[in-house]
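Engineer: The chain contents come next:
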Amino acid sequence: MLELVNITKNYNPGSVNEICLFKDFSLKVQDGEFVSVVGSNGSGKTSMLNIICGSIGVDGGQILINGQDIAKQKDFVRQRRIGRVYQDPSKGTCPGMTILENMSIAENKGKPYNLGRGVNKARLEAYRDMLRPLNLGLEDKMGVPVGALSGGQRQALALLMATMTPIDFLILDEHTAALDPKTAEIIMELTDRVVREKQVTTIMVTHNLRYAVEYGNRLIMMHEGNVILDKCGEEKQQLNTEEIMGIFNRISVECGN
Amino acid sequence: MALLLSVLEQGMIYGILALGVYITYKILDFPDLTVDGSFPFGAAITVRMISGLGLPAVWTLPVSFLGGALVGMCTGLIHVKLKVRDLLSGIIMMTGLYTINLWVAGTGYVPIFNKESIFDNALVNGIFPAFLTDFKNVIIIFVITMAAKYLLDWYLSTKSGFLLRAVGDNDTIVTSLGVDKGLVKIVGLSIANGLVSLSGCIYAQQQRCFEISIGTGAVVIGLASVIIGTSMFKRVSLIRVTSSVIVGSILYKACVALAMFAGISANAIKLITAVLFLLILVISMDRKKVREC
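Chains as they are written, first to last, in our numbering: chain A, 1 to 257; chain B, 1 to 293.
Please note: incorrect hints may appear among the correct ones.
[Claimed, not checked] Computed footprint of chain A on chain B; a stretch qualifies when at least three of its residues, placed anywhere within it, have a C-beta under 8 Å from a C-beta of chain A:
| no. | segment |
| --- | --- |
| 1 | 160-167 |
| 2 | 257-267 |
[Said to hold, decoys possible] Keeping only pairs whose Cα atoms sit at most 16 Å apart, straight-line, the calculated EDC-like set for lysine to aspartate or glutamate is:
| no. | chain 1 | residue 1 | chain 2 | residue 2 |
| --- | --- | --- | --- | --- |
| 3 | A | Lys23 | A | Asp59 |
| 4 | B | Lys159 | A | Glu243 |
| 5 | B | Lys26 | B | Asp171 |
| 6 | A | Lys91 | B | Asp171 |
| 7 | A | Lys198 | A | Asp168 |
| 8 | A | Lys111 | A | Glu125 |
| 9 | A | Lys231 | A | Glu33 |
| 10 | A | Lys111 | B | Asp134 |
| 11 | A | Lys72 | A | Glu125 |
| 12 | A | Lys28 | A | Glu243 |
| 13 | A | Lys141 | A | Glu125 |
| 14 | A | Lys74 | B | Glu116 |
| 15 | A | Lys198 | A | Glu33 |
| 16 | A | Lys231 | A | Glu243 |
| 17 | B | Lys181 | A | Asp129 |
Simulated from the structure, these hints should not be mistaken for laboratory data.
Virtual Cβ for every residue (Gly too), placed ideally from N, Cα, C.
Please model the entire structure based on the sequences and the hints provided.
Structural biologist: Quick look at the structure:
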């Protein structure tokens, strides 16, 4: 279980531009939940993910994983049990390395990066089998540098790489936002399949309300550093896009946007 | 003949330096000016060991490498732990090393003419028959350079080497893999400066002296070699980048030798270096632009 307890986060502390993003922000995510997070720009969605992953620090509060506080842990230590896919497809892969090399390096996560051979030739077929269901033809491009692939292909690979090793949490940071609608659809279906197969606890930030409604078993709407809507299970099933859009527009109007 | 041999010898010695610069400049994307200090540092260690301490010449190779690696580690620590900008970290180390080099070597000029060296010792003189004497240096340098190249090739194909390549490419992913990207940078800088210092070690023994000024512009020579090598052999996929960097270094030395042969004074060499480097940079940039269109 992941718990954020009384998180406080200020940007630019001590200056005239001081912005209080989170004040006593709390959230509980149960094991096995697939949470979609929506909200306008600046509502704190991505900051929340960054706080969980350790990319930014907090000014107060606890981040508990199964009761253990990880708020003081370094980002790279935390990310040993977290898989993350970014909005920018180039962040999840190494452009200068081949698909085979990328998958090899990802599969070694959690094990020491020692002087053993970087590529294990015996795994080549296994990697191909993982790529085949994507239907992107990547299995025939094992020796091609990832930088030569399209954004959608890279994002599919990034998603695969993030979930290759056993992880406790999958963090998706608007991972379909930079893709064309058709590719976004493919990636979203792939995401759903991976989450179901691996039974991994997932938090997905998205600006696509339809994805938020269709996928996952819990939906959260954030606004100015607070959770203003939290539906799970049955209640979530009954939500539809128009309803969410209505709430979304109302808060936006209140803000004067 | 003597000119050709000298170009090959110096080209390959600087080729090892270029391998180091290749790691920092191309793989880590770190403009490392430490090189101007770590190159003479290797030379200073070498003359101290041979002339001052009277140790066997072969020992200078591993000791110089380790010395250079230590220096690279310091640059890395300054950059990663103290959060000083990459360029400045190198400048700080380079400036400090000037004094340390003088201190290690004793003075700014230390000759080792009549001393044992890796090119002139009982073992080597026993192996090489008389008719190969002229080629002794070039053969020994070739063997060491190839050993350095193949070791680096091997390292870059290991898991640890993969991380090094990844950190320059996209350091976010290194964090995602649960590894401290700062540590990977420090390891990369250590290996790079180890190679540079090894290059300085061999250079001192080939020149049979240490001179404090040999470091000035070393990084530029390294960069020029890397850029010549990588842009010339870009389309030849059969040649490894490490090999092309060494060939780049030999070509660069050949250009300088030609300029000297054409009668340009030795005092002008740094200016020629700078102009050559500028030319190489501009030419290689032009190609990039054409490809982008």
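Engineer: Among all the numbered hints in the text so far, which are the ones the structure does not match?
Structural biologist: Of the numbered hints, 2, 4, 8, 10, 11, 12, 14 and 17 do not hold.
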